[in-house]
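Peer 1: Going down the list, the protein sequences come from chains X and P.
Quick note: to get this note's numbering, add 834 to the position in the first sequence (first position is 1).
Quick note: to get this note's numbering, add 834 to the position in the second sequence (first position is 1).
Bear in mind the hints are in silico, worked out from the structure with no lab data behind them.
Nothing false has been slipped in among the hints.
Intra- or inter-copy, both count: the list cannot distinguish identical chains.
List of simulated lysine-lysine pairs, PhoX-like, C-alpha gap at most 20 Å: (1) K1029 to K965; (2) K852 to K984; (3) K1038 to K965; (4) K1029 to K995.
Protein chains: 2
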Amino acid sequence: MADRGILIIVSGFSGAGKGTVMKRIMNDYNNYALSISATTRNPRAGEENGREYFFKTVEEFENMIANDQLIEYAQYVGNYYGTPKEYVESMLNQGKDVILEIEMQGAMKVKEKMPDTLLVFVTPPSAQELKNRLVGRGTEDMDTINARLKRANEEVYYMDKYDYLLINDDLDQCVKELHEIIQSEHSRVSRNINKINFFREDLKIFSEGE
Amino acid sequence: MADRGILIIVSGFSGAGKGTVMKRIMNDYNNYALSISATTRNPRAGEENGREYFFKTVEEFENMIANDQLIEYAQYVGNYYGTPKEYVESMLNQGKDVILEIEMQGAMKVKEKMPDTLLVFVTPPSAQELKNRLVGRGTEDMDTINARLKRANEEVYYMDKYDYLLINDDLDQCVKELHEIIQSEHSRVSRNINKINFFREDLKIFSEGE
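With the hints as constraints, model all of the structure from the sequences given.
Peer 2: In structure tokens, the structure reads:
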């Protein structure tokens, strides 16, 4: 039987490159699953139920809340967004490490509910580089960019609530580091209490009197 | 300036293969330094001062104790053995990760003095495999082997005082895992408080009013 997987939350400033890192780690390694969010917003062209999102009616979503079927949820611009527990649990039980990309407040809620969750904070190497990347994307006007930068200045106070700080300077290096952080976590003593108990029992054959 | 290195203690049962893992990690990667112990025992043929050990007189060693120049020390078969602080500090300050192979009681003492120390416990995959390896070495009689196995049954109770449990099943894999555990530790938030403070300062340029 495979060991249970680890739930990993990846957060970071808008412009830190989280999306690209996620795509690459899913592409480069085969032991990860991305958590799929549920939402009440309408599907956009090309989006498929169960791929980008699990699309739900408001009633369905509120039932999921009532039945404690979401690890966390939030409302954003009039729509619900949340992380369905069943899908995550099923992947973890299959031994997959499940990656969940959410913002900091959601991350704190999940960590409270599931203390084994591994929290990784992704950041560019500097404030200037963060600004360069947001400007370089060319997809947002300066007002939006400034709002994002102002938000980063608030979000930085969550940094020390995380387990790992991942500096996204070189993409290849960053993806490799994230993979190694997750894999190394599998060897942490706190995640291996069953194995330690096994060794304690197993070594008893060598106790005095045998 | 290089970041400060990490002090890593590797412990494990006699027969776990620690020595081989140490040799291989020093050989395969160039960012590690092995801590060199000080001892009052006489050099054996081929041993060089500053390579296998720092050889000291009893008076010199007791002066080192009195001047708090040892991270830890113990007496064994009438001789002193200890870890000189100066050498370790100098390597850490150069950004080297310093590996120290000592037994569990010494490890606990170091962790108390230097809480940043990373503790790694190396074990074969099972009690039977531990016995096979000790017998397979063919260097000890059965009484000695049984004494070592009995000791392992006592030492296993230190396992959950360590940070990582490293199962030495396949040597290549074990060396790679140890390397990745140490490198990943460099990204732990608790080891990056200076960097977090840098980001907090750096991002202030985006605070309101700018």
